[in-house]
Structure formats: structure tokens, C-alpha cells
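So the chains spell out like this:
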Amino acid sequence: MSGIREVKGMTGDEAIANAAKLVNPDVVAAYPITPQTIIVEHFSDFVSNGEVDTSYIPVESEHSAMSACVGASLTGARVFTASASAGLALMYEILYVASGLRCPIVLAVANRAFSAPINIHGECTDQMVCRDASWISLFGESAQEAYDETILSFKIAEHPDVMLPAMFGVEGFIVTHALERVESLSKQQVEDFLPESRAAKYRFTPDEIMSFGSLVLQDYYMEIKRQQEEAMIKAYDVTKKVMEEFTEMSGRKMEVIEEYKLEDAEYAFISYGATAGNAKAVVDRLRSKGEKAGALKIRLYRPFPSLDIHEALSGIKAVSILDRSATFGSPGTILQSDLSTALYGKENVPTLHGYINGLGGRVLTLPEIEEIYQKTKEYHDVGMTTTLDWVGYRS
Amino acid sequence: MENMIDKKPPEEFERWVKEKWGSSKIPEGGVVPYHSSYGYKTGAWSAFKAVIDKEKCISCMNCFYYCPDSAIIMDENMKATCDKVFCKGCGICSKNCPADAIEMRRVTR
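So the protein sequences, as listed, match chains A and B.
Position in the first sequence counted from 1, then plus 9, gives you my numbering.
Position in the second sequence counted from 1, then plus 11, gives you my numbering.
Note that these hints are calculated values from the structure, not bench results.
Certain hints may be false.
Stated by the list, open to error - Within a straight-line C-alpha distance of at most 25 angstroms, the following computed DSS-like cross-link-like pairs (lysine-lysine) qualify: (1) A:234 - B:29; (2) A:270 - A:234; (3) B:90 - B:31; (4) A:210 - B:52; (5) A:234 - B:31; (6) B:36 - A:243; (7) B:31 - A:210; (8) A:210 - A:249; (9) B:36 - A:234; (10) A:298 - A:386; (11) A:355 - A:249; (12) B:31 - B:18; (13) B:52 - B:90; (14) A:17 - A:243; (15) B:36 - B:60; (16) B:29 - B:67; (17) B:18 - B:95; (18) B:52 - B:67.
These numbers come from a predicted model, not from an experiment.
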């Protein structure tokens, strides 16, 4: 990193819009939904002011937004969109079309709780339930990470070995509407980092006579799905490489997971998104009381970085999984299920204690996180290997 | 078959069917050469076939445009003909024929 870093005050949504402006996508098709609206609102300002070369398609629903994105992407265009909650759920059908047709669309998610009861605040369930849609999935903790992940998502998705769509999420209001310090990048830096236009094996143009989206039945469907899995496996290495390049370019450390005081830790928190910031603050508090606490943040959720997590957690006695997403009747939180599969049967792994918290924007306070820490220690001491609790609600 | 245009799938299609291509060879994302649908003989499982009375045909081409499978072919005299290899027997052509020239006849196999 050379030169002076420019620092601006931006909300998470503004950060995403400003980063997308630097990327200058060919097409944006989006429909507004709180708390994502500001992203597309700001971006449409850039379009009407002539600050970007993007074709902006205003559509009548999120289903249409993603459909328009798929169509545009098939022509070889670089495509960006954004959504949240019910909007993302309405896109759900087309998410599979986007990944199945290998469209490297980038989608910003302002994570918001699902109805009913209707709620507009932060919760990550909307993005977690898209985990099987063959989309690369990232979470960000701050406006800064929202800014950075906007740019690097394009590079991961459009890599010729990957060619899968990518979504990244930041929690509604907690990140999207909070004004934070953001170190911005220059137009030149982004231009050097991202190829000018994206690679495309096939383009839907009058010059190439190809069929896109044909019917594929029992005889070939599984082969085409398997291609997606292989692309996902490659996406793991590509993401690591792209994040290294990004770190070098921006001077900001960007990794698939972030370790915080884990080296000599006995007990740790695992979280993603904004909760990770609170977990780190609690680690500091506990450390000052002589506790050997640490924290792990998961930035890349799909493909799941099992190896990195196993390595980071080896030697730790027990972990508290702070999961701001809802699941019902499940043996663990959504993240806990992934962690259990990733760690089961391996040596030197911690016991896993899941805590569903913060639904519908409910605040998880630092003292509550300290209580969780104590609870996990107790569970561990009595020999429980896996537990699931809801925290921060009135019974 | 008389008056039929040659509906042959692309050579690549023939190869991946014959050689049973797997995930490493099949085109990514199912993006395939044009006309690969000619490789699927959809008429093979139909319960009905369109039987067209050319005497009654007034060359309006309604059936040609309505057919969801492009299984109506206009012959050199601009009379409708049914391509039985691809006709699924849906009967849309028959319903939309103003001259009542198309009869849907049950197929026995």
C-alpha cells in the first residue's frame, strides 16, 4: 500500500454503494427494501449523475431483479444487486438459476429478520438459509468490511475457476445505518485489482449460437450440479488468494476467518457479522480478569473454511457460538451444525455450545456475552459436548 | 418421412450421449450448442398424434405458430404437416384450426 489512506465517514449502506461505484458494474437491477434501500438509492444517484457507466434497471420485485441480473450476466456483463429479508426470500428461486447458469452476480445483503411478526431489524437468517444455493457467502462486521467485501466479491465470483455468484451480508441497521470510519480505495487501486471486464466462457449474444437454460433431466442434471460443487471447492482457494491480494493492495488484513487472542486461549467465542466486534470486546474484559478467552470470526461462510477453523480452534476446550439467526427444532444453531460436521471425529477439538441470540435486532449486551462465557465453562466442566440455548429473551 | 426438414442435433450432442460425458467434460452450466433439443425425440411418448387433412387446410399457419414444439412444418404447397418425431400430442393445433382440418388420433404402441 502506497500513498495516503483516505478516510471517510460512511454508513454500511453508503460504503457498499461507494465501493460498487468504484467497481462500475455494467448492470444493476434492484428493488428497494429496508434496510438495503440506501445502497440502491445512492447507486441510482451515481447513475443519474453520470458517475458510473451502469445500466440501471428498476424492476417491480426482487424476483424480477434477480431474473434481470441473470439475463444481463449471461451476456457477459458485470452485474450487481442488493436485497434483504423478504426480498432475498423472493429471489430464492432465481438464486439457484444464477448459480446453475454460472452467473457471477454480486449481491449485497442487508441482513434483516423474516416476517412474521414483521420486523425490519438485523438478523442473519435471511442469508443463512441461502447456504445451499451454490452462492459464495461472506459476512462483514463493519462498514469497512462491507466496503472491502463489495470489491473482492467480484474478483472471487468472476474467477474463471469459480464462475459462481457471491453474496455478502452486513446486519441491518447495526451496520447498514451506523456511521463509521471507512478507509476508502482510489479508482486506480480498484482498476488495478479488478480486470476491466469479466471473463465469460459463453455469452448470450447474436454472434454465439448457444442454448442457455435448457431442460436437463436424470441423465445429466447431477453432472451439472457436481460442476458447481467442484467450482465451490476451487472457490475456497481462490477466496484465500484474492483476500491475500486485497490485503496487499489495501493494507487491511483480510482473511477467511479472523483469529483474536486465540493462541493461548482455553475458551473461545465463534461468531460472524457485527456480533464478532462485541465478542472481541468481551474477550478483552475477560482477559483483564485473568480468563484465557479468545474469539474467532467467520468471514467466509460458503465455501465453509473447515480446515482454517479446525486449525484455529485446536487446543481450545470449549466454544460459545454466537449465532444471530433462527432455526427451529434443529440440533444446533445453523453455524453450529456446520461446525459440528467440520470438527466431528477430529483430534483436539472443543466442545460446541450454541447460543441463538439477537433475533429481530435484539441487542446482545456485553454482560450477556460474559454470562454466555461462564455458562459454556459450566457445560464443559460437567462434560457436555454439545448444547443449544436461546439467550436474551424473556420467558 | 416425407417433406420433413432434417432435424439433427449438433455433432457435439451425439458425442456426449455416445461417450457418456461426465461433469468434467459436459459444457459448464448446461450451456449447449443450438438445436441440441433435436436429440430428444419428444414424440416418442405421446398419447395422441395430429392427423392433418391437407384438403381442408387453408394455409393460415395458426397451427404452425401455436405448436409449442415446432412440430408443425409447412410443406412446399404451404400445407401443414405434423412432424411425428417431435409431436407430443397436446392438441393445441387442433383446437386452433379454423378449418377443422386437424384430428387428434390416439396412438397405440
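Hints and how they fare:
1. A:234 - B:29: With Cα atoms ~21 angstroms apart, residue 234 of chain A and residue 29 of chain B stay inside 25 angstroms; holds.
2. A:270 - A:234: The given pair, whose Cα atoms are some 40 angstroms apart, is violated under the 25 angstroms limit.
3. B:90 - B:31: 40 angstroms, violated
4. A:210 - B:52: 29 angstroms, violated
5. A:234 - B:31: Judged against 25 angstroms, a Cα distance of about 16 angstroms means the pair holds.
6. B:36 - A:243: 17 angstroms, holds
7. B:31 - A:210: Between residue 31 of chain B and residue 210 of chain A the Cα gap is close to 22 angstroms, so the pair holds against 25 angstroms.
8. A:210 - A:249: 23 angstroms, holds
9. B:36 - A:234: 13 angstroms, holds
10. A:298 - A:386: 15 angstroms, holds
11. A:355 - A:249: Within the cut-off at roughly 23 angstroms; holds.
12. B:31 - B:18: 22 angstroms, holds
13. B:52 - B:90: The given pair, whose Cα atoms are some 23 angstroms apart, holds under the 25 angstroms limit.
14. A:17 - A:243: Roughly 35 angstroms separates the two Cα atoms, so the pair is violated.
15. B:36 - B:60: Distance of about 37 angstroms is beyond 25 angstroms: violated.
16. B:29 - B:67: 43 angstroms, violated
17. B:18 - B:95: 12 angstroms, holds
18. B:52 - B:67: 28 angstroms, violated
When each numbered hint is compared with the structure, violations occur for hints 2, 3, 4, 14, 15, 16 and 18.
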